[in-house]
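Chains as they are written, first to last, in our numbering: chain X, 1 to 224; chain C, 225 to 408.
Don't take each hint at face value.
[To be verified] Each computed DSBU-like pair below joins lysine-lysine, with the alpha-carbon atoms no more than 30 Å apart: (1) X:LYS219 with C:LYS279; (2) C:LYS279 with C:LYS241; (3) C:LYS241 with C:LYS388; (4) C:LYS241 with X:LYS219; (5) C:LYS279 with C:LYS388.
[Claimed, not checked] A short, non-exhaustive set of chain C residues, derived as facing chain X with CB atoms under 10 Å: (6) TRP238; (7) ALA259; (8) THR280; (9) VAL282; (10) LYS283; (11) TYR319; (12) GLU322; (13) LEU349; (14) GLY400; (15) SER404; (16) SER408.
Hint data in this document are derived by calculation from the structure and do not stem from the laboratory. Every residue gets a Cβ at the ideal spot worked out from N, C-alpha and C, and that includes glycine.
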Amino acid sequence: MSHSVLGKVVMRQLLLAYRRPAAVLNPLFFYGVVVLLMPLGLGPKQAVLSEFAPGLLWITALLAALLSAEIVFRSDYDDGGLEQLVVSGDSMYLASLGYVIAHWCLTGLPLALVSPVFAQLLSLPAQGLPALVISLTLGTLILSAFGCLGTSLTVALRRGGMLLSLLLLPLEVPVLILGSGIVTRAVNGMPIEALISILAGLALLAIALTPLAIGASIKISLEV
Amino acid sequence: MSELHWQVGRGELWQIKGDNGAGKTSLLRAIVGLAGQSIEGHLSVISEFLFLGHKTGVKSDFTALENLRFQLGSTNDHDPSSLLDALGQVGLADYSDEFAYQMSAGQQRRIALARLFLSEQPLWLLDEPLTAIDVDGVGLIESLIAQQVRRGGTVIYTSHQPLKVELSTRTLHLRGRGLSPYVS
Numbered sequence: 001m002s003h004s005v006l007g008k009v010v011m012r013q014l015l016l017a018y019r020r021p022a023a024v025l026n027p028l029f030f031y032g033v034v035v036l037l038m039p040l041g042l043g044p045k046q047a048v049l050s051e052f053a054p055g056l057l058w059i060t061a062l063l064a065a066l067l068s069a070e071i072v073f074r075s076d077y078d079d080g081g082l083e084q085l086v087v088s089g090d091s092m093y094l095a096s097l098g099y100v101i102a103h104w105c106l107t108g109l110p111l112a113l114v115s116p117v118f119a120q121l122l123s124l125p126a127q128g129l130p131a132l133v134i135s136l137t138l139g140t141l142i143l144s145a146f147g148c149l150g151t152s153l154t155v156a157l158r159r160g161g162m163l164l165s166l167l168l169l170p171l172e173v174p175v176l177i178l179g180s181g182i183v184t185r186a187v188n189g190m191p192i193e194a195l196i197s198i199l200a201g202l203a204l205l206a207i208a209l210t211p212l213a214i215g216a217s218i219k220i221s222l223e224v
Numbered sequence: 225m226s227e228l229h230w231q232v233g234r235g236e237l238w239q240i241k242g243d244n245g246a247g248k249t250s251l252l253r254a255i256v257g258l259a260g261q262s263i264e265g266h267l268s269v270i271s272e273f274l275f276l277g278h279k280t281g282v283k284s285d286f287t288a289l290e291n292l293r294f295q296l297g298s299t300n301d302h303d304p305s306s307l308l309d310a311l312g313q314v315g316l317a318d319y320s321d322e323f324a325y326q327m328s329a330g331q332q333r334r335i336a337l338a339r340l341f342l343s344e345q346p347l348w349l350l351d352e353p354l355t356a357i358d359v360d361g362v363g364l365i366e367s368l369i370a371q372q373v374r375r376g377g378t379v380i381y382t383s384h385q386p387l388k389v390e391l392s393t394r395t396l397h398l399r400g401r402g403l404s405p406y407v408s
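Model the full assembly from the supplied sequences, consistent with the hints where possible.
The structure is reproduced here in structure tokens:
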């Protein structure tokens, strides 16, 4: 029956997001607003904007992922759903993997897909767009995995937001460096295949290993 | 609490009783494995049990039917007709498509209790199962628990009031900090 736990968690998280669309739209809205404000802050010069675009787009994506991570387990913790999950004996690994996949489907994937639109606002050269979409698709998967891990550790704390940021930022900064580096190299016409492979490998590692830690962290959080 | 020596067998009905703060909920949480390292000694529990705590896991943004379908921790997949039947058993047949946020606290509690009708676990651990339940609902829960015990299952519940069932009920009295619990 364990395989159904994964599907059930993904389905229920997607249905919940459909019922509460603000949870999905908030990170996208944040991403859009910040990117829209960038030309106002940096000035309208295309050369300046396009030079900073890879880093700015990636930093904004990271902050949007951080913003959405805090609520992953919140309602299930508050209403007792996590308790039911833990005592059921179902695979916590698969359930945790379900949370990661659902979070990525609801935040990282849409963000990666709309990123070319926002990239235009920052005058990112066209040759950087495929690299931006691919790097964000893979990178946000890692961010979702780390985000779920951080939230599982802090869900029982009343004001865990600051602690969550402190926990996650050191983990996520290497992803930011790698992701923005890929886009910068693509813009400059340099090969990116090796870096994409590394990012893909890290994404696979993250979704394979973090559910182990997430499951254990949820149990510890409920034992407080 | 200290020095608790307690053994529960098949087909037994147990009430855990005690003042507020005596540790009723803590004991149930320890039994289901939610107490972590805070207990010392030996605790052995069968793996197949159903636990209904204070927090029921009912999602306000789900309908009554969706709440049963997507209940976390429910390992068995039930067909929609059996889910509807379970809702009917708790008096929510006409509310299957209503969102939980549109329902009263008692009706939300009934959604959680509908899980009992779908349960095949031999051990039920119920924390204050009568909270927010009206008179009809109390009778329903009492008959359901009686059925479970008669077919050889075991029920342990916390409550200040004993259930009105025609079965012998044993009681574990918790007496608070530093005092040993006793059985009657």
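Results for each hint:
1. Simply put, LYS219 of chain X and LYS279 of chain C have alpha-carbon atoms about 16 Å apart, close enough for the 30 Å limit, and the pair holds.
2. Using a Cα cut-off of 30 Å, the hinted pair LYS279 of chain C and LYS241 of chain C holds, with the two alpha carbons roughly 19 Å apart.
3. With a C-alpha separation of about 15 Å, the suggested pairing of LYS241 of chain C with LYS388 of chain C holds against the 30 Å cut-off.
4. This hinted pair checks out: LYS241 of chain C and LYS219 of chain X have alpha carbons roughly 27 Å apart, not beyond 30 Å.
5. Of the supplied pair hints, the one linking LYS279 of chain C and LYS388 of chain C holds, its CA atoms being roughly 24 Å apart against a limit of 30 Å.
6. For TRP238 of chain C, the suggested interface contact is broken, since its CB lies about 18 Å from the closest CB of chain X, more than 10 Å.
7. A hinted interface residue such as ALA259 of chain C counts as satisfied when its beta carbon comes closer than 10 Å to some beta carbon of chain X; here the least separation is about 6 Å, so the hint holds.
8. Checking THR280 of chain C against chain X: minimum C-beta separation of about 6 Å stays under 10 Å; hint holds.
9. This hint holds: VAL282 of chain C has a C-beta 6 Å from the nearest C-beta of chain X, less than the 10 Å allowed.
10. For the restraint placing LYS283 of chain C at the interface with chain X, the shortest Cβ-Cβ distance is roughly 6 Å, inside the 10 Å limit, so the hint holds.
11. The restraint placing TYR319 of chain C at the interface with chain X is violated, with a minimum CB-CB distance near 17 Å, outside the 10 Å limit.
12. Interface hint status for GLU322 of chain C: violated, as the beta-carbon distance to the closest one in chain X is roughly 14 Å, over 10 Å.
13. Because the beta carbon of LEU349 of chain C sits about 9 Å from the nearest beta carbon in chain X, less than 10 Å, this interface hint is met.
14. At its closest, the beta carbon of GLY400 of chain C sits 22 Å from a beta carbon of chain X; the interface hint therefore is violated under the 10 Å criterion.
15. At about 24 Å, the closest approach between the beta carbon of SER404 of chain C and any beta carbon in chain X exceeds 10 Å, and the interface hint on this residue is violated.
16. Taken as an interface hint, SER408 of chain C does not check out: its beta carbon lies about 28 Å from the nearest beta carbon of chain X, beyond 10 Å.
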